[in-house]
Amino acid sequence: SFTTTLESDELIQSVRVPKLSSLARWGFCKFCQKAGEFAHAIGAVLHDPEREVFRAVIGAIESPPIIIADAAKLFSGKSDADFATEIDEKMIGSLLSDRNITDIYLRKLSFVALKRAALEACAT
306 SFTTTLESDE
316 LIQSVRVPKL
326 SSLARWGFCK
336 FCQKAGEFAH
346 AIGAVLHDPE
356 REVFRAVIGA
366 IESPPIIIAD
376 AAKLFSGKSD
386 ADFATEIDEK
396 MIGSLLSDRN
406 ITDIYLRKLS
416 FVALKRAALE
426 ACAT
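Numbering (this note's numbering), first residue to last: 306 to 429.
Keep in mind that the hints were calculated from the coordinates and are not lab data. Quick caveat, the model's predicted, so the values are computed rather than measured. C-beta atoms are modelled at their ideal positions from N, C-alpha and C, and glycine is treated no differently. A couple of the hints might just be wrong.
Taking lysine-lysine pairs in the DSS-like style, the calculated list, with each CA pair at most 25 Å apart, reads [as the list claims (entries may be wrong)]:
1. Lys335 / Lys413
2. Lys383 / Lys335
3. Lys383 / Lys420
4. Lys339 / Lys378
5. Lys420 / Lys335
6. Lys339 / Lys383
7. Lys324 / Lys413
8. Lys378 / Lys420
9. Lys339 / Lys395
10. Lys335 / Lys324
11. Lys324 / Lys395
12. Lys395 / Lys420
13. Lys413 / Lys339
14. Lys339 / Lys324
15. Lys378 / Lys335
16. Lys383 / Lys395
Simulated restraints, written as ranges between beta carbons of each label pair [claimed, not checked]:
17. Ile372 / Lys324: 28 to 38 Å
18. Glu367 / Ala428: 23 to 33 Å
19. Val417 / Ser381: 40 to 50 Å
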């Protein structure tokens, strides 16, 4: 998961992070055994209706992050204040399978991390 597509003679000069609108909501959840340890699972959700951005990320140390550019599909098309109640566990399972993440514990942990991130986003 710590790989890049940079060549040996290339260097990142800057990173641009777009400003969120005042309507943006986001949530993040990280599971690890000890403080400061690499995550066994992370989940992140960003919903910014003004900018028409609704993204989710599932990740961990075992593989590169899974980025869901259109998270509305993940939440059964919902984007209102309680979208987290409609999370599609089968879709998450399929995304994890595509990355050969087969360990049941890690799969469940990834689902819970994303669900908690979504609930946090709905609460803000």
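Going through the hints against the structure:
Distance check on the hinted pair: Lys335 and Lys413 sit about 13 Å apart at the alpha-carbon level, within 25 Å; holds. Distance check on the hinted pair: Lys383 and Lys335 sit about 24 Å apart at the alpha-carbon level, within 25 Å; holds. This hinted pair checks out: Lys383 and Lys420 have alpha carbons roughly 14 Å apart, not beyond 25 Å. Among the hinted pairs, Lys339 with Lys378 is inconsistent with the structure: their alpha-carbon atoms are about 33 Å apart, more than 25 Å.
The hinted pair formed by Lys420 and Lys335 meets the criterion: a straight-line CA distance of about 11 Å does not exceed 25 Å. Our distance criterion of 25 Å between C-alpha atoms is broken by Lys339 and Lys383, whose separation comes to about 35 Å. Straight-line distance between C-alpha atoms of Lys324 and Lys413 comes to about 32 Å, which puts the hinted pair past the 25 Å bound. Between Lys378 and Lys420 the CA atoms are separated by roughly 14 Å; this keeps the pair inside 25 Å, and the hint holds.
Restraint check for Lys339 and Lys395: not satisfied, since their Cα atoms lie roughly 30 Å apart, outside the 25 Å limit. A C-alpha spacing of about 23 Å is found between Lys335 and Lys324, which places the hinted pair at or below 25 Å, so the restraint holds. Distance check on the hinted pair: Lys324 and Lys395 sit about 32 Å apart at the alpha-carbon level, beyond 25 Å; violated. Restraint check: the Cα-Cα separation between Lys395 and Lys420 comes to about 13 Å, which is no more than 25 Å; the hinted pair holds.
This hinted pair checks out: Lys413 and Lys339 have alpha carbons roughly 19 Å apart, not beyond 25 Å. A distance of roughly 32 Å separates the Cα atoms of Lys339 and Lys324; the hinted pair therefore is violated under the 25 Å criterion. At most 25 Å may separate the alpha-carbon atoms for a hinted pair to count; Lys378 and Lys335 meet this at roughly 23 Å. Taken as a hint, the Lys383 and Lys395 pair is honoured in the structure, with Cα atoms around 16 Å apart against an allowance of 25 Å.
A beta carbon spacing of about 20 Å between Ile372 and Lys324 contradicts the range 28 to 38 Å that was offered as a hint. Take Glu367 and Ala428: their Cβ atoms lie about 29 Å apart, and the range 23 to 33 Å holds. Here the CB-CB span from Val417 to Ser381 is close to 18 Å, at odds with the stated 40 to 50 Å.
Violated hints, in rising order: 4, 6, 7, 9, 11, 14, 17, 19; the structure is consistent with all others.
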